[in-house]
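One letter stands for each residue in the lines below.
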Amino acid sequence: MGVEKSARDYILKFFKHLSLIVASALCVLPVVSCVFAAFKTKEEFAATSKMALPQDWGHLDNFINFWNDSGIGLGFLTSIFVMIVVITLSVMMGSMLAYVLNRFKFRGNALIRNLFLYAALFPTILLQVTVYKLMIQMHLVDSLIGYIILQTGTDVIAIYILLQYFENLSVSLDESAVLEGCTYFGVFFKILLPLLRPAIVTCMILKGVGIYNEYYNASLYLQSKNKYKTVSTALYNYLGPTKSQYEIICAGVLICIVPILIIFLVFQKQVYSGMTNGAVKG
Amino acid sequence: MSSNSGAAALKESGSFRAWLIKPNVQKWLVIITFAIVPVILLLLFIYYPIGKMVEFSLYNMSYTKVKGFVGLKNYIDIFAKPELFQTFRVSLYYMVGAIVQIALALYFATILSFKTKFTGVYKAAMFFPYLVNGIALGFIFKFFYTRGYVLDTVLTAFGIPLESLPYWLRDQSINNWSLVATSLWKYMGQNMVLFSGAIMSVDPTLYEAASIDGANKWHQFRYIILPSISTVLTLNVILSITGSLSAFEPPYVITSMGGNGTATYFIKMHETAHTLHKVGLASAMAVVLITIIILCTIIQKLVFKYAFRNSGTDSAKTKMKRKQFSKGVN
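Chains Z and C are the protein sequences, given in the same order.
Per our numbering, the first sequence starts with residue 167, numbered consecutively.
Per our numbering, the second sequence starts with residue -16, numbered consecutively.
Okay, chain Z solo, but in the shape it has when bound (with noise of 0.2 angstroms):
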């Protein structure tokens, strides 16, 4: 019996492993055959196995290539642009309602709530068909001030996970500060401001990779290809529906995941919490 038992235990666990390592590989394999093509030259691609070792890892034309040609320099600064406003401007607007929804009671502050609560059911491109109309009107298309406001403006989730936070933190803070003379103001920017940090790491965290990785609004209101870039468009608008050099390719996409794949390594333990944060209500 006791002999069984472990058979079956040892059978368990080698699936259980199996699955683990299956599972992974197949996560890996897409990516990883991206580098081995990334470093072959045009002739060594088309003669070797995809799956073949690179003969030169030295070999980085392709990756120059892509660089000089596509404009993801340009890329890459706009991105990062419009990373540092949109995330300094959603984590201010985030806490300051935060702190007025979670602090005051007054008329109107279920209402709001509820419209930030309903207005997360809708995914925002969907809303496009009419925003665009909207953005016409107010001569915002084409205009990097115009996807700026667009990408701060539907931004829900972080409004959430700034008031989940304020909820944790004690109404006594604010209470002695007012005694000693605090305005509401002070309140919120000396003494509640520097407290939320952690939920302002995860609003980061969430909107950065949500910016660097968005395409479709900046395909749709930057149109001006060499005027405005972002590192998807960059991308999208190099590599395009017809080019078939996969070396390319490969270097292209290698160069655009890979920042955001080191900061991965080094902040997994925020990324991982920041996900289970933002995910409580998004």
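The set of hints was computed from the structure by calculation and includes no laboratory data.
Hints should not be assumed to be uniformly reliable.
Unchecked claim - Residues of chain C clear of chain Z, computed beta-carbon distances all greater than 10 angstroms:
#1 Leu41
#2 Lys56
#3 Tyr58
To be verified - With a Cα cut of at most 35 angstroms, we get these calculated DSBU-like pairs of lysine-lysine:
#4 Z:Lys435 to Z:Lys179
#5 Z:Lys435 to C:Lys35
#6 C:Lys261 to Z:Lys393
#7 C:Lys35 to Z:Lys271
#8 C:Lys288 to Z:Lys435
#9 Z:Lys271 to C:Lys5
#10 Z:Lys409 to C:Lys64
#11 Z:Lys179 to C:Lys200
#12 C:Lys64 to C:Lys50
#13 C:Lys48 to C:Lys35
#14 C:Lys284 to Z:Lys271
#15 C:Lys48 to Z:Lys393
#16 C:Lys200 to Z:Lys182
#17 Z:Lys182 to C:Lys100
#18 C:Lys10 to Z:Lys356
#19 Z:Lys179 to C:Lys48
#20 Z:Lys435 to C:Lys100
#21 C:Lys50 to Z:Lys393
#22 C:Lys200 to Z:Lys435
Think of the CB as a built atom: it goes at the ideal place given N, C-alpha and C, for glycine as much as any other residue.
Dock chain C against the given chain Z, drawing on the hints supplied.
Same frame as chain Z, now just chain C:
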């Protein structure tokens, strides 16, 4: 005289300041200055467009010109035009994929929550696809699925002859599954991280108590883990339904705007609005999608209510058992 009016002004500004820092005034000042911008943006970019969408859906119009009121004709068109209606069928592939994705995520989250070697490595390997840029993902899989390239090389290495393999992106009996697999690749690990986050929040002594009560791994999953993640689970089911209708990047990049019968509902909507300039019809499509989302949410709320009631009694039971157990020891 002049000094007098100066004093009055001073007194006035003093009283203005006094008025300003009166708690009630200050409260409203804070509320208005802090809330006004986000609320305006929310109304402008979410609720106003939804209202406009309903209005536009009743017209035959482009972005620049209104050609006339057509009533419900746009809505009838969605269901009458086969090239639009068939995208619902494509979405079904994504829904099936989403169910598989959630099941796999649940499985891996559960086994990784028990002690396993290399948990961190497995978790990272399965999660990182979520961070991959959607456009980059498209190109990665275009490369992956091309005839004789990565997938075919791997499969032939396992002894499957190339001739028996389909064209993954061209063959209409399989290409939608190929695309669904890419979205599974991207989101499975993220779902897993969400689930394992919820599983981690379970009180570990529950497992001990349960195993002393003779519960096996399946019982632990069914009666401890599952109830504790019901919120995240139902939420993900909803998200995957809306996601399956609005899937965009895989067909956009991999099959060049949904060629070979891979266009999703959202791809068609985008094309209708921005290529064919039929904004009225596209608005009607968006309204239909929003209605589906609202219906799904209502159903989810009802299901959740039911599931919550169930799991509530479940966890109460386990708690009671635990209490009995600890009493027994004492």
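Hint check results:
The Cβ of C:Leu41 sits about 13 angstroms from the closest Cβ of chain Z, beyond the 10 angstroms cut-off, so the non-interface label holds. With a cut of 10 angstroms on Cβ distances, C:Lys56 stays outside the contact zone with chain Z, its closest approach being about 17 angstroms. Every C-beta of chain Z lies more than 10 angstroms from that of C:Tyr58, the closest at about 15 angstroms, which supports listing it as non-interface. For a cut-off of 35 angstroms, the pair hint linking Z:Lys435 to Z:Lys179 stands: about 27 angstroms separates their Cα positions.
Distance restraint check for Z:Lys435 and C:Lys35: the Cα-Cα separation of roughly 43 angstroms exceeds the 35 angstroms cut-off, and the hinted pair is therefore not satisfied. Between C:Lys261 and Z:Lys393 the alpha-carbon distance is near 28 angstroms, which keeps this suggested pair within the 35 angstroms criterion. Between the alpha carbons of C:Lys35 and Z:Lys271 the distance comes to roughly 32 angstroms, so the proposed pair stays at or under 35 angstroms and holds. Between the alpha carbons of C:Lys288 and Z:Lys435 the distance comes to roughly 33 angstroms, so the proposed pair stays at or under 35 angstroms and holds.
With a C-alpha separation of about 16 angstroms, the suggested pairing of Z:Lys271 with C:Lys5 holds against the 35 angstroms cut-off. With a CA separation close to 33 angstroms, the supplied pair Z:Lys409 and C:Lys64 stays within the 35 angstroms bound. Among the hinted pairs, Z:Lys179 with C:Lys200 is consistent with the structure: their alpha-carbon atoms are about 12 angstroms apart, no more than 35 angstroms. For the given pair, C:Lys64 sits about 21 angstroms from C:Lys50 by alpha-carbon distance, which is consistent with the 35 angstroms threshold.
Of the supplied pair hints, the one linking C:Lys48 and C:Lys35 holds, its CA atoms being roughly 15 angstroms apart against a limit of 35 angstroms. As the CA atoms of C:Lys284 and Z:Lys271 are separated by approximately 27 angstroms, the hinted pair is consistent with the 35 angstroms bound. Of the pairs offered as hints, the one joining C:Lys48 and Z:Lys393 holds, with about 28 angstroms between alpha carbons and a cut-off of 35 angstroms not exceeded. Of the supplied pair hints, the one linking C:Lys200 and Z:Lys182 holds, its CA atoms being roughly 13 angstroms apart against a limit of 35 angstroms.
Distance hint between Z:Lys182 and C:Lys100 is fulfilled; the C-alpha atoms sit about 11 angstroms from each other, no more than 35 angstroms. Under the criterion of a C-alpha separation no larger than 35 angstroms, the hint pairing C:Lys10 with Z:Lys356 is consistent with the structure, at around 17 angstroms. With a C-alpha separation of about 66 angstroms, the suggested pair Z:Lys179 and C:Lys48 falls outside the 35 angstroms cut-off, and the hint is violated. Using a Cα cut-off of 35 angstroms, the hinted pair Z:Lys435 and C:Lys100 holds, with the two alpha carbons roughly 18 angstroms apart.
Of the pairs offered as hints, the one joining C:Lys50 and Z:Lys393 holds, with about 33 angstroms between alpha carbons and a cut-off of 35 angstroms not exceeded. Restraint check for C:Lys200 and Z:Lys435: satisfied, since their Cα atoms lie roughly 28 angstroms apart, inside the 35 angstroms limit.
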